[in-house]
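A.B. asks: Those protein sequences? They're chains A and B, same order as listed. If you use my numbering, the first sequence corresponds to residues 1 to 686, in order. If you use my numbering, the second sequence corresponds to residues 1001 to 1686, in order.
Hints are computed from structural coordinates only; laboratory data are not their basis. One or more of the hints may lead you astray.
[Said to hold, decoys possible] Have a look at the derived ranges for each label pair, beta carbon to beta carbon:
| hint | chain 1 | residue 1 | chain 2 | residue 2 | range |
| --- | --- | --- | --- | --- | --- |
| 1 | A | 223 | B | 1454 | 48 to 56 Å |
| 2 | B | 1326 | A | 496 | 49 to 57 Å |
| 3 | A | 223 | B | 1587 | 34 to 42 Å |
| 4 | B | 1432 | A | 93 | 27 to 35 Å |
[Said to hold, decoys possible] Only some residues are given here: those of chain A computed to face chain B with a beta carbon under 7 Å:
| hint | residue |
| --- | --- |
| 5 | 204 |
| 6 | 282 |
| 7 | 285 |
| 8 | 323 |
Computed from a predicted structure; not experimentally measured. Glycine included, C-beta positions come from ideal geometry on N, C-alpha and C.
There are 2 protein chains.
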Amino acid sequence: MRHLFNAAALVIAAATAAPAIADEGMWTYDNFPTAKMQAAYGWAPDAAWLEHARLGSIRLTVGCSASLVSPDGLVMTNHHCVRECVSDLADAQHDYIAKGFYAATRADEKKCPAMEANQLVKISDVTQQVEAATAGKSDRAFHEAERAIKAQIESACGTAADVRCQVVTLYAGGVYDLYKFKRYQDVRVVFAPEEDAAFFGGDPDNFTFPRFDLDASFVRIYDADKPLRTDTYFKFATKGVKQGDIAFTSGNPGSTERDDTLAELEFQRDDAQPFLLTMFAELRGILTEFATKGPEQARTSKTQLFSIENSLKAYKGRQLALVQGSIIAGKARTEADFRKRVAADPNLSASYGGAWDAVAGALAHQRNIYVRYALLERWPLWMSDLMHHAVALNRYALEIGKPDGQRLEEYTDANFPALRQQIISPAPIHAELEKTMLTWWLTKVRECLGTTDPDVRALLGNRSPGEIADALVDGAKLSEASLRAQLLSDGATTIDAYHDPLVDFARVLDAPARAVRTDYENNVKAVKTKNAALIAKARFALEGKNAYPDATFTLRLSYGAVSGYQENGRDVAPATNFAGAYAHATGRDPFKLPDSWMAAEKAVNPAAQLNFVATDDIIGGNSGSPVVGRNGEVIGLIFDGNIQSLGGDFGYDGTLNRAVAVDVTGITEALKHIYHADRLVKELTH
Amino acid sequence: MRHLFNAAALVIAAATAAPAIADEGMWTYDNFPTAKMQAAYGWAPDAAWLEHARLGSIRLTVGCSASLVSPDGLVMTNHHCVRECVSDLADAQHDYIAKGFYAATRADEKKCPAMEANQLVKISDVTQQVEAATAGKSDRAFHEAERAIKAQIESACGTAADVRCQVVTLYAGGVYDLYKFKRYQDVRVVFAPEEDAAFFGGDPDNFTFPRFDLDASFVRIYDADKPLRTDTYFKFATKGVKQGDIAFTSGNPGSTERDDTLAELEFQRDDAQPFLLTMFAELRGILTEFATKGPEQARTSKTQLFSIENSLKAYKGRQLALVQGSIIAGKARTEADFRKRVAADPNLSASYGGAWDAVAGALAHQRNIYVRYALLERWPLWMSDLMHHAVALNRYALEIGKPDGQRLEEYTDANFPALRQQIISPAPIHAELEKTMLTWWLTKVRECLGTTDPDVRALLGNRSPGEIADALVDGAKLSEASLRAQLLSDGATTIDAYHDPLVDFARVLDAPARAVRTDYENNVKAVKTKNAALIAKARFALEGKNAYPDATFTLRLSYGAVSGYQENGRDVAPATNFAGAYAHATGRDPFKLPDSWMAAEKAVNPAAQLNFVATDDIIGGNSGSPVVGRNGEVIGLIFDGNIQSLGGDFGYDGTLNRAVAVDVTGITEALKHIYHADRLVKELTH
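Pulled out of the complex, with its shape left as it was, chain A reads as follows (with noise of 0.2 Å):
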């Protein structure tokens, strides 16, 4: 049991946000609302159920969501949550991405490059331990005692490889949760359909429905170079989804701002996703005018512009909920409302009454130093393979030599092997991409930083963006991913005596970057961190216990129906079928049926559901989630979200939100007569 404080706190979003519709709700699975459900459905599910769905399911490091789906370890996941690793294996001669991969024998199974599979094996609450430790802290000691608590915690469950530990906070810090969970290192690909069928439609259906998408894929977890041996797997369903049916989803939703005050919402409205969203259609344009400079640019570039185009695409969904929606104003409502209950009561006023305004301080501060932040440290990690691994590099050696509780949170021992792993990766790195990424990025920093800036002059010195992209990836020999393992396991001495122009660089970049880290972590992070959680405790201390969390990229489970919509007017029917899927294509890209598709179509129930949309309430993270139903079989798998969905972040609308969803009755159908993939079809029916 939870002491009562804790549980406390876990009422806020239903006092947030507007009245919570049946199935909002990204539920903890020790925290599941049976009686809610029961209320609605008249079912609910037991212990025994919700124990096997939560061994069932596995959360991908790669970002996404999964389940196990045979006794020997198969994985069923999300087509674009394998898409970097077949992209990895992929060559100039085996383009995986355009023609599909199968491993007809499980001999022909590849592991993936840079791709970890967790299993959560346990919940325990340490709340009272951190408690303990940031007890009285103020805004800089108390995100310093969290955070080296939180090292402590995980460093302390972490025993063994295979076993990996996070501290994860919930309802603000009202609640900590320690996560523990088995670890698979060793994943292999089994299957991926061709990206014409996995991702039909392309960008102009994304976030849309009706869908006609087989973005499935098989992975296998092995485990001492033997596939996982395992009873708690899904079975797949038989029989399509219909209206009403029972509907779970078991995943990893990524992050939800559902609790943010007033001052974050218009944060995110003024100033970060306006930021974002020209700085990723920019981007946008590069790389898709960068793919037509060739087929080898194409193929190289498709992964990075398939993830910006969906980010962008979010990000124009969140934007819509704060400007056209009502969520700005429903926020503005229930908070003065909320605050003006604070204040009435003395007690609660002098304990929690300043903590608005402690938020809003903090956002004024974020304002000044978001795009720095941003461009400067967060930025060079994803823009490009290279300069990750060399600020990687650059700062383990900086890192690793503190006391755990000080490091820069990823280098502590419970965080550092997912950050080595993405190190060491042989994933292959592409120059002319890196080049022209990195000269974008560092436009962007010249551009939004200024010409006469210290860090940008300090950075860019008299050179050009492009001239000095060139000099640091012509002068890398980071790509090398063997190198790269020598340096780490040689240690911090190793790495410092090592120099090129790209490892210099990350030394140049680490003082700014840092800088702007260190001030966002103290000035910002830390005071919204200590005021959310004093907002949650005002919340249950006048409203007790009733809600789910912010989501936190850690395994939750919603529950829903298979269920129709009105869009505009016109009905949405709740699935699609093979038949939609031929009549849907035109023969160009991206409504290209695969040559396989078109080979099969008289092969092909035409009445074999394809994608299906159900109440569920999630958001991105769950990808490749399964959809499970009230027997406890798999009945689909999560892949994307109506494009009502997308303001998911900041409330949820039952009327309008969907989960969409691949009908896994048409993923045999598929495999059966299109891919003729016959020991997979054995495996899933058994």
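Given the coordinates of chain A, work out where chain B should sit on it, guided by the hints.
C.D. replies: Positioned in the frame of chain A, the structure of chain B alone reads:
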């Protein structure tokens, strides 16, 4: 004299915006606030001064302002206003953008393919005529009657080929003035510096100050193949400006929305600006990367990219003003207050009380059609020269047989000459760039309107955007200016009988484009226009006469003073000099001064002034405007505003808004010691 009622409408801005700051205002020449300026500066211009300044001012149809600066028709404007001209005149052997252009003798002056110069010779009030024609008319009928009477007045006035007449709607329909221009269609380029000098600092420095740009060029008006002889020119000042100097700007601010309602500002903030920002950012990325494909691609796309980056920064400034400044809140306050006062008077309430809601209703409709209107009706015209010509020729055939007052407005007798000149312009068309732009445009049509939209299906069929673009460009014969001229001169029947893939595509586009245009004009524009006039009338009734009308790309006079300002707590000096330019140079693009400048470093006076800022209230369209001193000499050349001026569409803040100009003494210094343009120096300083 205007009759009382129209004069009444002159109040709008002072009432809607924050209290006018001393130097606010883009004044019409026939309503210059002499008393106000006299009160602020102890001096104001007399009628002779004003007439001389008006006749010395030139409007260029490329969207710029300019000034006569010699008795032989020499005209000064910005480099970025002749950029298209010198780019059109360039070829792979003569890169006038990179190397600059100088006609050492008069015979070397080259005709700009698509430049027309207009001189405002007369302003007459035609309000009574227009009001007689529109009296008692409702929305659509009002708009059509207004358009018909305007076309009729313009046509009656524009009786000669060298006369251009335009009925200008001022004060949201409170006043209609007939502006009569002398047209000059033979404009030849005399001098343009290297782009590295004109746009030194490039996009990073754009809209900032201090600046160091020689964004100046000279063209010459020819009349009957001889240089225009004129008395109404500005003499070049021989002393640099100093803090506090009186400075007028005489030019053509393009448009402002300072009188818009709150609902209109919210539409801009939530719909229009975010759409434009993301679209232009993406296109910027496309063109940035296109330019890396080779020197020819870089050369042919440079003008387009420049224009897009410029627009993008302006949109960013506008959006910032809407989300971060006090403009929306201020408008909400003043509008609510004003509506209360209208509601309190039964007569005013009956006549005008419904206007705000009517505008809001039109905007609700505009939300639904805005993107379609942009994509189908507006963008084809600027996105691609070929598509522009095809649409324009096809529409010409469809429109020219109709009575003048019933035509689309750009095909009326008064307006078509300008469009004709664009159609027959011999400016080169770059096939690869055209394909890139058309592909992108069609991709956005599909993405934004949806893959199942009937208009999208009609335009794209089963083909991909790239396939269509290739087919249109490869099959187009309209790249020959002579064919376009021939088709125009042969007329509608010949055009209708002409077929190629491009023109046939324009025919398919016409119906959906026209449909959304009609919808927009009838249900949005006409409603807004009519109700804006009602609001203007309500204002007069309550507040009297005191203001300037929103900008309309017609001649205005702003007054102010040379003045530094404060930015982030630091003083920004009012002027820069050549020493500063050399110090700002890194030798790398875009901070690379051209060879001519590097070679002349010792010869140039380092203290000679290069750029300065003044408080004059300007906006896009003012580019190329002369800055005129108290004694009637030209002291500067407007080429930009600082970043704080970009919210100028919606308001003016004299503490921060600054116009950015080239000091004419810097131009003389450069012509003498860097360019050795002795002929030009002699003409300017005779």
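A.B. asks: It remains to establish, for every hint, whether it holds in the given structure.
C.D. replies: Cross-check of the supplied hints:
Checked against the hint of 48 to 56 Å, the C-beta distance between residue 223(A) and residue 1454(B) comes to roughly 55 Å, which is consistent with it. Separation of residue 1326(B) from residue 496(A) is about 52 Å and conforms to the stated range, judged on CB atoms against 49 to 57 Å. Distance hint check: the CB atoms of residue 223(A) and residue 1587(B) are about 59 Å apart, inconsistent with the given range 34 to 42 Å. The hint said 27 to 35 Å for the Cβ distance between residue 1432(B) and residue 93(A), and at roughly 30 Å that hint holds.
At about 5 Å, the closest approach between the beta carbon of residue 204(A) and any beta carbon in chain B falls short of 7 Å, and the interface hint on this residue holds. For residue 282(A), the shortest C-beta to C-beta distance to chain B is roughly 4 Å, which falls under 7 Å, so the interface hint holds. Evaluation of the residue 285(A) hint against chain B yields a held restraint, the C-beta minimum of about 2 Å falling below 7 Å. Annotation: interface hint on residue 323(A) holds; nearest CB of chain B at approximately 4 Å, less than 7 Å.
Hint 3 alone, counting from the list given before, is not met by this structure.
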